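Protein chains: 2
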Amino acid sequence: MAGSALVHAAVFAAGALVGGGVAAAVASRKREFPHAAQNSQVSAIKSPIIEVGPGGNAQISTVASSGGVIAPPLRYGNPGPIADPLVRKAYVAAYDRRLRHPAWTAEHLTLASLGKSAVSPPPEGGELVDRQKSTFTEDASLPAAFRSKLSDYFRSGYDRGHMVPAADAKFSQEAMNETFLLSNIAPQVGDGFNRHYWAYLEDWCRRLTSSFADVYVFTVPLYLPQLHPDGKWRVTHEVIGSPPNVSVPTHFAKVVLTSRPASPSTPDILELSSGAFVLPNAVIPDGAPLESFIMDIGQVEKAAGLTFLSDELKAASKHICKTTKCEVIVRRFDDARKRPEMRRAISSPK
Amino acid sequence: MAGSALVHAAVFAAGALVGGGVAAAVASRKREFPHAAQNSQVSAIKSPIIEVGPGGNAQISTVASSGGVIAPPLRYGNPGPIADPLVRKAYVAAYDRRLRHPAWTAEHLTLASLGKSAVSPPPEGGELVDRQKSTFTEDASLPAAFRSKLSDYFRSGYDRGHMVPAADAKFSQEAMNETFLLSNIAPQVGDGFNRHYWAYLEDWCRRLTSSFADVYVFTVPLYLPQLHPDGKWRVTHEVIGSPPNVSVPTHFAKVVLTSRPASPSTPDILELSSGAFVLPNAVIPDGAPLESFIMDIGQVEKAAGLTFLSDELKAASKHICKTTKCEVIVRRFDDARKRPEMRRAISSPK
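Going line by line, the protein sequences match chains A and B. Numbering-wise (this note's numbering), the first sequence opens with residue 7 and increments by one. Numbering-wise (this note's numbering), the second sequence opens with residue 7 and increments by one.
Treat the hints with care, as some may be off.
Copies of the same chain look alike in the list, so a pair counts if it fits in one copy or across any two.
With a straight-line cut-off of 30 Å between C-alpha atoms, the simulated DSS-like cross-links for lysine-lysine are [as the list claims (entries may be wrong)]: (1) Lys-320 - Lys-155; (2) Lys-238 - Lys-95; (3) Lys-328 - Lys-122; (4) Lys-122 - Lys-155; (5) Lys-238 - Lys-122.
For the record, the hints were derived by calculation from the structure and aren't laboratory data. Keep in mind the model is a prediction, meaning the values are calculated, not measured.
The task is simple: from the sequences and hints, build the whole structure.
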């Protein structure tokens with residue numbers, strides 16, 4: 007039947023622009039679009055997707071639509087979401103289907119979430135949460151065609167870099183395991199970046215919880231243009247995998263917002279701090295000052311096409327480097343690894 | 007007040023992941039996220055956005071949330087949608103906020119929509135629809151920070167290339183005007199591409215309506231990697247504007263699906279055809295065969311991170327070049343322009 011390309015009409019199911027859910031909706035055959043469609047943004051475009059029956063036949067239903075905006079240009083197919091929203095135990099994120107890494111991740115860190123609070127609960131089941139129990143895993147919640155795969159990273163020369171660090175999800179093994187889903191991973195330079203300066207920055211973000219009650223962290227892969235001698239700006243980035251699948255960001259940003267009571271007597275009056283750091287996906291010397299990577303949050307937002315904080319919130323917050331010390335602690339994990347007796351004491355970020 | 011960075015708590019409003027709408031929702035202060043959040047995709051993540059009051063103060067409300075998923079990591083801000091869905095008279099589209107051009111556009115072409123049917127209505131108001139009455143316009147429905155601007159294209163060396171062609175929206179001046187919104191525009195090489203081979207392809211798509219009852223066209227900017235001598239695949243693309251804002255796609259694709267009754271006696275039994283053409287954003291000789299740009303639809307989907315047609319539909323359709331002639335008609339509009347008496351007779355695509 008498929009070979010004859012004769013399709014007996016079609017039963018349609020609607021796929022919303024966002025998410026993988028399929029809602030029931032059926033298209034009518036009316037060609038009213040050009041004059042009936044709305045000249046405005048809609049929150050979601052529903053559209054029919056053809057369904058071929060068991061015999062290979064499909065029927066165009068004449069039953070009227072049962073809700074949702076059916077845009078006639080999408081009657082046979084809908085390009086679908088650009089990004090998949092992901093809600094995990096330790097983070098929320100959006101996965102970019104084209105670049106095959108997160109568009110952004112967001113976390114809320116506290117002493118309690120890091121298991122450092124006196125009143126924090128012990129890890130689930132009382133067992134020690136251990137990154138050695140976690141393994142990098144392809145994210146089956148994404149369509150196979152758009153998933154990043156273990157084979158894409160294999161022998162790519164890049165580390166599987168966590169956007170949400172495993173160490174931020176120590177409150178349960180399951181939460182930590184979720185940070186090893188490839189939908190939370192982007193290709194990072196290993197030596198001198200993922201295993202060093204980037205890890206120092208992640209550690210600095212965690213240490214903010216000792217100074218601030220609440221720490222919010224956005225992690226954002228970026229593609230920044232460079233000025234060339236001909237006066238033109240160009241973005242150049244590698245794509246790894248065979249066939250090439252996963253894009254390698256030129257930079258990574260951390261955008262942080264912290265809050266704490268302005269004084270112990272007024273716990274509902276908050277002091278807010280914020281800041282953004284943009285690091286090249288490249289070897290960074292241990293001695294580089296963290297402050298040298300400061301970037302205006304609005305500039306990061308423009309580069310990413312995202313909005314992290316409202317203008318009011320940006321204006322209402324001090325720069326994080328004014329309310330705490332912006333200084334990383336250098337930890338040469340790999341040097342420790344070379345000494346066998348240290349291997350279990352300090353595990354390297356991967 | 008802003009300077010002191012003391013924020014008196016906060017009244018939150020929720021912004022959905024998709025669309026610009028602000029729904030009423032208020033966050034509680036509970037820090038229950040790590041254990042309460044769902045380990046799954048959600049169709050939309052709602053989050054609070056801080057609202058600073060008239061006096062510059064903001065209050066953290068203790069009123070419980072009134073609906074919607076509030077993800078605690080997004081309590082102070084939400085990165086927002088990656089793409090804006092757009093519904094216009096002649097097309098639907100998604101605008102990419104980072105690249106600042108459409109991620110895709112979709113159209114439904116018929117003899118009637120092109121004003122070529124005997125039974126088609128005359129243009130609205132009876133006046134002639136004329137592209138000279140349309141002007142390129144920044145799309146005010148997009149946030150200012152993510153809009154592509156007229157100044158980005160000015161002296162960029164690139165044409166403002168229509169994704170949905172103006173000539174596909176001749177049924178009303180308003181529909182045509184909408185094709186001139188910069189949210190429907192991407193930077194294209196002018197001579198030899200936008201004004202020539204790409205215009206021939208657009209014309210070929212329109213001419214499909216004389217052979218097929220329904221013609222569906224997706225237009226898709228692409229960023230394709232090239233193999234370098236070092237064995238690595240890299241994407242390199244320009245970014246125009248000052249500061250650099252609008253990315254210049256390396257390629258553009260048209261994905262078409264057509265349907266027509268298999269025979270006049272069985273109007274509900276359809277013959278489907280489909281195909282994809284991928285053209286480099288570069289000078290293409292007039293003599294290049296259209297068939298030399300054929301690409302597998304699934305490959306275009308993988309490169310774009312989008313789904314145009316279900317696997318069943320791909321399997322159920324013949325290749326378009328088997329059901330009609332894949333051959334463009336060469337029209338040297340610019341040669342005509344050089345002769346003043348022809349200027350009004352033939353207007354060049356821009």
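| query | Of the numbered hints stated previously, which ones are contradicted by the structure, given in increasing order? | reply | 2, 4 and 5
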